[in-house]
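> Now for the letters of each chain:
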Amino acid sequence: MVLTKIFVLVVFLGIVSSLGSAMFYLVRDEGNSDRTLKALTWRIGLSVALFASLFVAYALGLIQPHGITPAG
Amino acid sequence: MAHTSDRYYIPHGSPWPIVGTVALLLLMFGVASALNGAAIGKFSMLAGAVVLLFMLFGWFGVVIKESVDGIYNQQVDRSFRMGMAWFIASEVMFFAAFFGALFYARQIVLPWLGGESNNFFTNFLLWPGFEGTWPSNGPAEIGGEYKPMGPWGLPAINTAILLSSGVTITIAHHALKAGNRGMLILFLGLTWALGLLFVGLQATEYAHAYHDIADGGLGLTLGSGIYGSTFFMLTGFHGLHVTLGATMLIVIWFRCLKGHFTPENHFGFEGVAWYWHFVDVVWLGLFIFVYWL
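Heads up: the protein sequence lines correspond to chains A and B, in order. Take numbering that gives the first Met the number 0: the final residue in the first sequence is number 71, and no numbers are missing along the way. Take numbering that gives the first Met the number 0: the final residue in the second sequence is number 292, and no numbers are missing along the way.
In case anyone wonders, no lab produced these hints; they're calculated from the structure. The model shown is predicted, which means the values in this text are computed figures rather than measured ones. Think of the CB as a built atom: it goes at the ideal place given N, C-alpha and C, for glycine as much as any other residue. Treat each hint with caution, since some may be false.
[What the hints assert, rightly or not] Computed footprint of chain A on chain B; a stretch qualifies when at least three of its residues, placed anywhere within it, have a C-beta under 8 Å from a C-beta of chain A: (1) 11-25; (2) 52-61; (3) 98-105; (4) 261-267.
[As the list claims (entries may be wrong)] Think about it this way: if two alpha-carbon atoms lie no more than 27 Å apart in a straight line, the pair counts; the simulated DSSO-like pairs of lysine-lysine are: (5) K4/A <-> K64/B; (6) K64/B <-> K176/B; (7) K146/B <-> K37/A.
Build out the structure end to end from the sequences listed, making use of the hints.
Right, here's the structure in full:
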């Protein structure tokens with residue numbers, strides 16, 4: 000369970016990094032390269048993969064969403 | 000007035016700053032009056048909002064026209080990019096504050112109230128028997144009775160919708176770079192349509208949450224303790240950003256229809272596309288941290 004959560008967190012950090020580097024290239028390259036688009040393509044690819052792997056991990060019993068009753 | 004390519008472009012005699020000032024004055028006067036119960040408040044707010052929209056429409060229109068007329072040089076282009084970067088820096092801080100509130104309440108305050116770490120007496124003297132688990136309706140059930148939002152159903156569907164819009168904007172982006180106008184317009188159109196669908200479904204989810212449990216709802220409101228406040232603050236402000244992002248996508252879509260962008264020159268498109276990716280990542284973060292981690 001903990002390992003799955005670490006995996007989710009690491010992939011999410013990868014998504015944030017690709018988004019951040021896309022912003023960096025957007026400012027730095029001034030529209031003269033494909034680096035922004037490449038970084039954004041990585042961003043969406045990783046996001047879709049993470050979303051899909053959440054379902055797989057749930058089906059395999061590797062992760063559980065939060066409880067459904069509030070504590071009193 | 001003519002401009003040389005190496006000098007900074009300075010606009011002349013623009014009426015828009017004073018129009019914006021009037022709009023903000025009307026808005027703030029309206030808000031202050033409404034908070035004090037004066038009848039004129041809401042009318043002033045409405046007038047301020049209308050003048051503000053008029054200003055945004057007019058001013059952005061001028062900027063677009065100047066850009067299309069080729070008045071801007073590289074220095075102006077750079078200033079737009081820097082402006083975008085600083086705007087995003089402020090957005091990151093904005094969401095960091097709300098995510099920070101969620102983590103602080105969930106990982107630190109609740110366990111302490113429940114007696115963890117060296118807080119045994121906090122729990123024993125103040126809230127005996129209170130268990131600091133998440134989701135919580137707080138000590139003494141201050142948040143009332145509610146059911147938390149589950150990850151299945153609309154939240155998962157909405158995540159799928161927003162991720163799909165991330166895929167469509169990326170396809171549109173590739174199409175623009177490749178000079179494929181048909182694909183660009185089709186996939187950019189799909190992107191804002193998916194954005195509007197997201198906002199509509201989110202409104203349905205809120206309505207469901209706000210209904211009492213007895214009426215088949217969740218009884219979950221902004222007043223449902225720390226869970227309700229953080230849930231609605233985060234998802235509500237995110238929804239506002241999706242609404243703004245979808246509006247920007249629609250504007251850019253019309254600009255694409257008019258042929259404003261080329262494979263080499265399209266900062267307006269790229270800025271909005273990046274913003275859409277940003278809004279998408281914030282939602283993915285919400286989905287993961289609120290429901291799964």
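> Hint by hint, say whether it matches the structure.
Here is what the structure says about each hint:
| no. | hint | result |
| --- | --- | --- |
| 1 | 11-25 | violated (count 0) |
| 2 | 52-61 | violated (count 0) |
| 3 | 98-105 | violated (count 0) |
| 4 | 261-267 | holds (count 4) |
| 5 | K4/A <-> K64/B | violated (49 Å) |
| 6 | K64/B <-> K176/B | holds (22 Å) |
| 7 | K146/B <-> K37/A | violated (42 Å) |
Against the hints set out earlier in the document, violations occur for numbers 1, 2, 3, 5 and 7.
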